[in-house]
Each structure stands twice: as structure tokens, then as C-alpha cells.
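First to last, the sequence lines map onto chains U and A.
For the first sequence, the positions run 1 to 246 when our numbering is used.
For the second sequence, the positions run 1 to 246 when our numbering is used.
No wet-lab data here; the hints were simulated from the structure.
Note that beta-carbon positions come from the ideal geometry of N, C-alpha and C, so glycine has one too.
Only true hints are included.
The list that follows gives simulated cross-link-like pairs (lysine to any residue, SDA-like), each with its CA atoms no further than 20 Å apart:
no.	chain 1	residue 1	chain 2	residue 2
1	U	Lys78	A	Phe132
2	A	Lys5	U	Gly120
3	U	Lys166	U	Asn226
4	A	Lys44	A	Lys78
5	A	Lys78	U	His135
6	U	Lys180	A	Leu125
7	A	Lys243	U	Arg119
8	U	Lys180	A	Arg60
9	A	Lys78	U	Asn118
10	U	Lys180	A	Leu242
11	U	Lys179	A	Lys180
12	U	Lys5	A	Ser122
13	A	Lys180	U	Leu126
14	U	Lys78	A	Ser122
15	A	Lys5	U	His121
16	A	Lys180	U	Asn181
17	A	Lys243	U	His121
18	U	Lys95	A	His121
19	A	Lys180	U	Leu242
20	U	Lys243	A	Lys180
21	A	Lys78	U	Tyr133
22	A	Lys95	U	Gly120
23	U	Lys179	A	Asn181
24	A	Lys243	U	Leu126
25	U	Lys78	A	Ser123
26	U	Lys180	A	Asn185
27	U	Lys78	A	Arg119
28	A	Lys78	U	Phe132
29	A	Lys78	U	Ser122
30	U	Lys95	A	Arg119
31	U	Lys180	A	Asn181
One-sided excerpt, in silico: chain A residues whose CB lies under 10 Å from chain U:
no.	residue
32	Ile8
33	His58
34	Lys78
35	Asn82
36	Leu85
37	Glu87
38	Asp88
39	Ile89
40	Val91
There are 2 protein chains.
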Amino acid sequence: MPNIKLEIEYDGSNYAGWQVQPAGRGKTIQQVIEKTLHKLLREKIRLIVSGRTDSGVHARAQVANFHTRARMPLARLKLALNGLLPEDIKVTRIKEEEPAFHSRFSAKSKIYRYTILNRGHSSPLLRNTVYFYPHPLDIALMRREANCLLGRHDFSSFRASGGKDKDPVKNIKKITVAKKNGCINIDIEADGFLYNMARNIVGTLIEVGRGRIPGGSLARILLSRNRRHAGQNVPGRGLCLLKVNY
Amino acid sequence: MPNIKLEIEYDGSNYAGWQVQPAGRGKTIQQVIEKTLHKLLREKIRLIVSGRTDSGVHARAQVANFHTRARMPLARLKLALNGLLPEDIKVTRIKEEEPAFHSRFSAKSKIYRYTILNRGHSSPLLRNTVYFYPHPLDIALMRREANCLLGRHDFSSFRASGGKDKDPVKNIKKITVAKKNGCINIDIEADGFLYNMARNIVGTLIEVGRGRIPGGSLARILLSRNRRHAGQNVPGRGLCLLKVNY
Numbered sequence: 001m002p003n004i005k006l007e008i009e010y011d012g013s014n015y016a017g018w019q020v021q022p023a024g025r026g027k028t029i030q031q032v033i034e035k036t037l038h039k040l041l042r043e044k045i046r047l048i049v050s051g052r053t054d055s056g057v058h059a060r061a062q063v064a065n066f067h068t069r070a071r072m073p074l075a076r077l078k079l080a081l082n083g084l085l086p087e088d089i090k091v092t093r094i095k096e097e098e099p100a101f102h103s104r105f106s107a108k109s110k111i112y113r114y115t116i117l118n119r120g121h122s123s124p125l126l127r128n129t130v131y132f133y134p135h136p137l138d139i140a141l142m143r144r145e146a147n148c149l150l151g152r153h154d155f156s157s158f159r160a161s162g163g164k165d166k167d168p169v170k171n172i173k174k175i176t177v178a179k180k181n182g183c184i185n186i187d188i189e190a191d192g193f194l195y196n197m198a199r200n201i202v203g204t205l206i207e208v209g210r211g212r213i214p215g216g217s218l219a220r221i222l223l224s225r226n227r228r229h230a231g232q233n234v235p236g237r238g239l240c241l242l243k244v245n246y
Numbered sequence: 001m002p003n004i005k006l007e008i009e010y011d012g013s014n015y016a017g018w019q020v021q022p023a024g025r026g027k028t029i030q031q032v033i034e035k036t037l038h039k040l041l042r043e044k045i046r047l048i049v050s051g052r053t054d055s056g057v058h059a060r061a062q063v064a065n066f067h068t069r070a071r072m073p074l075a076r077l078k079l080a081l082n083g084l085l086p087e088d089i090k091v092t093r094i095k096e097e098e099p100a101f102h103s104r105f106s107a108k109s110k111i112y113r114y115t116i117l118n119r120g121h122s123s124p125l126l127r128n129t130v131y132f133y134p135h136p137l138d139i140a141l142m143r144r145e146a147n148c149l150l151g152r153h154d155f156s157s158f159r160a161s162g163g164k165d166k167d168p169v170k171n172i173k174k175i176t177v178a179k180k181n182g183c184i185n186i187d188i189e190a191d192g193f194l195y196n197m198a199r200n201i202v203g204t205l206i207e208v209g210r211g212r213i214p215g216g217s218l219a220r221i222l223l224s225r226n227r228r229h230a231g232q233n234v235p236g237r238g239l240c241l242l243k244v245n246y
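Input sequences plus hints: build the corresponding full structure.
Okay, here's the thing in C-alpha cells:
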């Protein structure tokens with residue numbers, strides 16, 4: 001039974017996140033794609049995703065796979081899917097994988113980017129994809145503190161309640177803080193992310209950059225394994241899943 | 001009577017362009033800003049703009065000025081304006097100018113950017129700010145042809161009917177065609193633009209790049225001063241007013 005891998009770009013602004021929700025919480029990206037696949041393949045499809053994204057969070061290349069009995073040439077399936085999918089969700093790549101391929105368990109790492117618009121006024125053209133934060137931030141300090149998070153650690157301090165992941169130990173392989181065109185991009189590559197981990201890390205780095213948490217605190221916060229020591233969560237709209245590595 | 005200059009960023013997706021329209025054509029950016037100024041300054045305000053933009057067209061830095069009897073500190077006026085303006089229109093700069101300053105007549109040149117998304121699939125994240133064109137384009141040829149337009153010419157071939165500008169002679173000071181991240185950016189700097197001129201030039205360059213108009217045609221089309229010889233107009237959403245030089 002073919003195992004089909006999709007790469008998906010989406011603007012999460014109008015969705016209640018990736019995962020199918022209890023009724024009444026708004027439509028989700030998973031729902032929209034599964035319904036479209038159902039219509040095309042005349043078969044109930046269940047997508048396996050690399051990792052669900054929250055309400056408002058975007059993806060440049062989310063990965064999901066599904067098993068199907070249907071036999072449709074993949075180029076045709078891609079065209080048909082994109083013809084039916086709404087403007088804010090599109091399949092950018094489609095490929096048949098080995099039977100054992102699993103979007104989540106086969107992933108070696110994921111890269112998320114958080115974008116802070118750090119200037120005096122908000123941006124109409126970027127408003128759905130950045131977090132507008134007008135106060136001055138010490139980027140060099142944020143970068144130094146971010147480096148404390150590199151490697152394998154228990155990230156419980158940056159985990160929101162409600163996550164289902166049992167293992168709080170994750171490996172951050174790379175974390176960069178870069179300023180470009182008035183925006184600060186914080187890129188985090190890890191083998192896995194706890195619930196809200198990326199956004200809690202960014203929120204904490206912002207408080208360091210603003211001078212509200214003293215420099216040198218990140219290592220202590222990480223060791224404390226206490227969510228209350230870290231900074232506030234930042235809004236979903238600034239977050240984008242850039243890539244999943246296999 | 002103070003003469004106030006505004007720099008304005010807007011996402012034109014939800015507007016019927018800049019200029020106040022006859023009733024029933026949808027709200028315009030000018031209307032929204034004038035109403036907000038009226039509310040704040042308790043005075044009827046008429047904005048003078050560097051050049052109106054069409055439906056769907058964006059601006060990173062549109063310029064408009066107005067004369068007022070009101071005396072409000074400009075930093076406070078900017079804050080108050082942005083507090084009342086919708087998310088898709090914001091004032092990025094405010095400054096008092098000399099009495100003779102006129103957003104349109106004082107302008108030395110304007111720079112427009114047209115962005116073509118040139119790859120096999122459309123982009124949910126860029127959908128409101130690019131024109132998706134999936135067919136291969138010969139960028140080197142487009143660049144060579146674009147160079148024929150440099151300098152002072154009668155641009156009647158690229159003028160849509162309905163424009164009010166009496167002088168079809170404009171000076172294109174710079175025109176560049178650059179590929180970046182799957183997008184082709186066409187930047188045009190000129191001392192003035194006829195109605196739809198930028199979009200008609202881009203439409204013609206696309207037909208050259210696609211091979212539908214042979215290379216070497218641009219000079220001939222320009223000389224013909226006949227709109228029917230040029231290519232089709234391209235959608236407004238790919239166009240953005242980047243800068244007005246004074």
C-alpha cells in the first residue's frame with residue numbers, strides 16, 4: 001500500500017492549528033487536507049504529521065504522510081490537490097516513500113524560525129507573519145544566552161502544560177539570532193520540540209534582550225526545570241516551520 | 001499653516017486602491033486615512049499623494065501631505081493615527097515640511113517593485129504580494145530587453161486608457177530584473193508613471209521571457225506608441241511602491 005509524503009506550505013492565520021480539534025474550535029489544516037484527499041481518492045485518509053503546529057503558526061515546508069490503496073499518478077494528485085485546496089494551504093512536493101517512512105518518527109530534526117519585527121512601528125505587509133515588538137533589544141546578549149541552550153537538555157522550563165510528549169529531553173543542534181531588514185530571526189533546529197518550546201524560548205530571550213532577565217540567566221532557568229522561571233510565551237503568528245530533516 | 005508629510009505602508013489587498021472612488025466601488029486607503037485625521041484633528045483633511053495606486057497594489061513607503069490648522073505634536077499624532085488606523089494601513093514616518101512641499105510635484109522619482117513568483121506551485125505565505133507565474137522565463141533576455149526602456153521616452157505603448165496624465169513622456173532612470181528565492185523582482189525607477197505603466201511593462205517583459213514576443217521587440221513596441229503592441233497587464237497584487245525620492 002503506497003506511502004505518500006507531502007510537503008505543505010501554509011499560512012496558519014485563519015486556522016486553529018494543524019490538528020483536528022474537538023468540534024467548535026475552528027477548522028484545522030489537517031481537516032482541510034484530509035477532506036480534500038478523501039474527495040480525490042474516495043477513501044478515508046489519515047495524515048501523519050512531523051509535528052502539529054499551533055493556531056496562527058505557519059509552515060514553509062511541513063511534512064505529512066499517508067497510506068492509501070488508491071493509485072493516482074503523483075503529479076496528477078498534486079495538481080488536483082492544489083486545485084481544490086484553499087489559497088492558504090498548498091502542497092509544494094509529493095513523493096512516494098518506503099513503507100516504513102513515518103513523518104514524525106523518521107524525522108532527524110526540525111527547524112523553526114521565529115520573526116520579531118523590532119522597530120518603532122508595526123508593518124501592514126508583514127503583520128501576519130511577525131511579532132511586533134517595538135522596544136530596543138540587545139541582540140548580542142540574546143545570541144550569547146541562546147548558545148547556553150545548545151545540546152541535549154531537559155527543557156521542562158520551556159514546556160507549556162498540555163503537551164503529550166513524555167520525554168522532556170531534547171537536543172538543540174543549532175540556534176541563531178540574526179537581524180535583517182528591521183526583523184530579528186531566531187532559528188532553532190532540534191531533534192524535537194516540547195509543547196510551545198520554541199515560543200517559550202523566544203519569549204525568554206526577548207526578556208533577556210530587553211534587560212528584564214539579567215544576562216547569564218538562561219543556564220540557570222534551563223537547570224531549574226521550572227516553567228515559572230522562563231519568560232512569557234510569544235504569539236503564534238511569528239512562528240514558521242521552515243524544514244524537517246530526514 | 002503647517003504642511004505635514006506622511007510616509008505610509010499599506011497592504012492594498014482589501015482596498016479599491018488609493019483614491020476616493022465614486023460610491024459603491026469599495027473603501028479606499030485615502031478615505032480611511034482622511035477619516036482618521038478628521039477624527040483626530042477635528043478638521044476636514046485632504047491628502048495630496050505622490051501618486052495613486054490601483055486596487056490590490058501595496059506600498060512600503062507611499063508619501064502624502066496635508067495642510068492643517070491643528071497643532072498637535074507630531075509624535076503624538078503618529079501614535080494616535082496608528083492607534084486608530086486598521087492593521088493593514090500604518091504611518092511609518094511623520095514630518096513637518098516647508099509650505100511649498102507637494103507630495104506629487106516635488107517628487108524627483110518613484111521606485112516600484114513587481115514580484116513574480118516563478119516556480120511550479122503557488123505560495124500560501126506570499127499569495128497577496130506576488131503574481132504566481134509557473135512557466136519558465138528567460139531572465140537574462142528579460143533583463144536585456146528591459147534595458148531598452150531606460151531613459152526619456154514616450155511610453156504611450158504601456159499606458160492604459162483612463163489615465164489623466166497629459167504628458168506620455170517619462171524618464172526611466174533605472175530598471176532591474178533580479179531572481180531571489182524563487183521570485184523575480186522587477187524594480188523600475190522613473191520620474192513619473194503613466195496609468196498602469198509599470199504593470200504593462202512587466203506584462204510585456206513576461207511575454208518576452210516566455211518566448212511569445214521575440215527578443216529585440218521592446219524597442220519596436222516602445223517606438224510604435226501603440227498600446228496594442230505591448231503585452232497584457234499583470235495583477236495589482238504583485239506591485240509595491242517601494243520609495244518616493246524628493
